[in-house]
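As they're listed, the protein sequences go chains A and B. Using the working numbering, the letters of the first sequence correspond one by one to residues 29 to 423. Using the working numbering, the letters of the second sequence correspond one by one to residues 248 to 428.
There's no promise every hint is true.
[To be verified] As a list, the in silico DSSO-like pairs of lysine-lysine whose alpha-carbon atoms are at most 30 Å apart:
hint, chain 1, residue 1, chain 2, residue 2
1, A, K406, B, K261
2, A, K63, B, K261
3, A, K334, A, K124
4, A, K140, A, K159
5, A, K406, B, K331
6, A, K398, A, K414
7, B, K261, A, K347
Hints in this document: simulated from the structure, not taken from any laboratory.
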Amino acid sequence: MYGTKSKIDLAFEYQSQIPVLRPSIHSRRANLTVKFQDLYGFTVEGNVDDVNVLNDVREKVRQQGRVWWALEASKGANWYLHTTIGQGSALTSSLKFSALANAITLKKLIKKGIPPVLRPKVWFSLSGAAKKKSTVPDSYYDDLTKAVEGKVTPATRQIDHDLPRTFPGHPWLDTPEGHAALRRVLVAYSFRDSDVGYCQGLNYVAALLLLVMKTEEDAFWMLAVLLENVLVSDCYTNNLSGCHVEQRVFKDLLAKKCPRIATHLEALEFDVSLVTTEWFLCLFSKSLPSETTLRVWDVIFFEGAKVIFNVALAIFKMKEDQLLLTHHVGEVINVLQMTTHHLFDPDDLLTVAFDQIGSMTTNTISKQRKKQEPEVMKELDQRIRKLNSLKADNK
Amino acid sequence: MGTGKTSLVLRFVKGQFSEYQESTIGAAFFTQVLSLNEATVKFDIWDTAGQERYHSLAPMYYRGAAAAIVVYDITSMDSFVRAKKWVREVQRQANPNLIMFLVANKADLEDQRKVGNEEGEECAKENGMSFFETSAKTAQNVNELFYEIAKRLAKANPSRQTGIKLHGRTQETRRRLFCCV
Ligand SMILES: Nc1nc2c(ncn2[C@@H]2O[C@H](COP(=O)(O)OP(=O)(O)O)[C@@H](O)[C@H]2O)c(=O)[nH]1
Ligand SMILES: [Mg+2]
Chain A
29 MYGTKSKIDL AFEYQSQIPV LRPSIHSRRA NLTVKFQDLY GFTVEGNVDD
79 VNVLNDVREK VRQQGRVWWA LEASKGANWY LHTTIGQGSA LTSSLKFSAL
129 ANAITLKKLI KKGIPPVLRP KVWFSLSGAA KKKSTVPDSY YDDLTKAVEG
179 KVTPATRQID HDLPRTFPGH PWLDTPEGHA ALRRVLVAYS FRDSDVGYCQ
229 GLNYVAALLL LVMKTEEDAF WMLAVLLENV LVSDCYTNNL SGCHVEQRVF
279 KDLLAKKCPR IATHLEALEF DVSLVTTEWF LCLFSKSLPS ETTLRVWDVI
329 FFEGAKVIFN VALAIFKMKE DQLLLTHHVG EVINVLQMTT HHLFDPDDLL
379 TVAFDQIGSM TTNTISKQRK KQEPEVMKEL DQRIRKLNSL KADNK
Chain B
248 MGTGKTSLVL RFVKGQFSEY QESTIGAAFF TQVLSLNEAT VKFDIWDTAG
298 QERYHSLAPM YYRGAAAAIV VYDITSMDSF VRAKKWVREV QRQANPNLIM
348 FLVANKADLE DQRKVGNEEG EECAKENGMS FFETSAKTAQ NVNELFYEIA
398 KRLAKANPSR QTGIKLHGRT QETRRRLFCC V
């Protein structure tokens, strides 16, 4: 049942228990900063309120686990793997109906969070990683890792440089074993797609994937499906053009969904990309607490990259009042950083992201992207041409 | 790779140095205040990511900057070459009144030096920049660098700067500072 540990437990995972602090000492200690480890072994600094929120979150995670187990009991194990709508015209209409009903249940369920023990299995199948893996020989990952062992490229050099700088201090990631695992995943991927090679930011994404998936191979496939199918293309290649596109789409959405904030920030000459670029490239892993990040990823892997917009908009929306009171860039950044660092309860964020922001279809977002692409290309091109013309001058 | 931009900024802002600095994605933002006799300078510092492909994001950070620090690592000729490229880009594309500094970092690693002091000097002179050799590790010349920036900023046309009045009594001028390479 829920709570039984999966086979390959990372050593740190269940060792930390947060002390439960009683409300009576609450007020006096509320300003004290305490350091503790969260569910995934990250050291978190917060006050007593934060500790209590994290304890509540743990309890909610447990309850959510019970819901999932109950569903497995009634619908059969792996019921969620057979929910894809529109496939299999051979299905009888009653089966189709139950698949559809399951799909709706699943969508709601995933927004409430996948229990950490089930995450590897659910992510792997729902994201399409399992399918991707099934198209190549079983030994693909091992072969790839062996084939590239000892090779030195600009990508491997940058990876080696970044390993100790990826979540330094983490009880597993920041050990020789953790570094080696992360290295193999990133290096293998850099050879799989030489256009991407290695881009800073992927180190954080892959590190978190390792923590969740527990095996390098599964983490590798999750990274592959993420870059090749889930996210907009060219997010991490060459001049990050995909990321530039996303940033422009985001700005338009902010102006539409949070017009007061957009106007205020514009008056301060604050370009929102100054903070949101990192959110998009690291998928919030450097900004949000780990369980909150993974709850966002739960939905990304099921519904797609459009979810990043919902979440990013929600962060602004949640702090509308405070943001409207800011006078300069530093204050804006402060508000946003304080907010993201303290979002210990994922539901606080996701409720706003999905209930208040309103749904945006992948279709709408795709249209927006198409619209921005030529602009981005033009801008990037102009920069390069200017740089080149300047070289000519110097001769 | 890793010329020590973040380390320099942290040395200046927090007085600390750590071997393993989280790698910067996009850019990190810091603030620091320096009081000179003649003025108080408030720095808004953008510390940018070093990987080549991140350069396409740079305009967003140097737009509106009052000063820029281009950093290279004295133990890496490659970083010096890249620094020169940056100097050209920033000179051409950023605000023409931008004050630029060329910084040769990791001066504590004298025995591994690949870029001579004169080479740095000369490059700076050619481009009308001030030149400093620093070590974020030993703190050598770090405060001197930022004091010089503050002085130059305070001197350069104070009226032209975008001043923002804060709620307190003092009127401060905020300056955006941009660190690259
Ligand atoms: N010896 C020495 N090492 C330094 C110095 N400054 C930075 N480093 C090291 O160089 C590496 C890269 O530094 P970092 O500040 O992250 O560079 P960035 O990528 O330019 O921001 C880190 O391992 C630092 O500890 C210095 O002045 N001396
Ligand atoms: Mg850095």
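* When the hints from earlier in the document are held up against this structure, which numbers fail? -> 1
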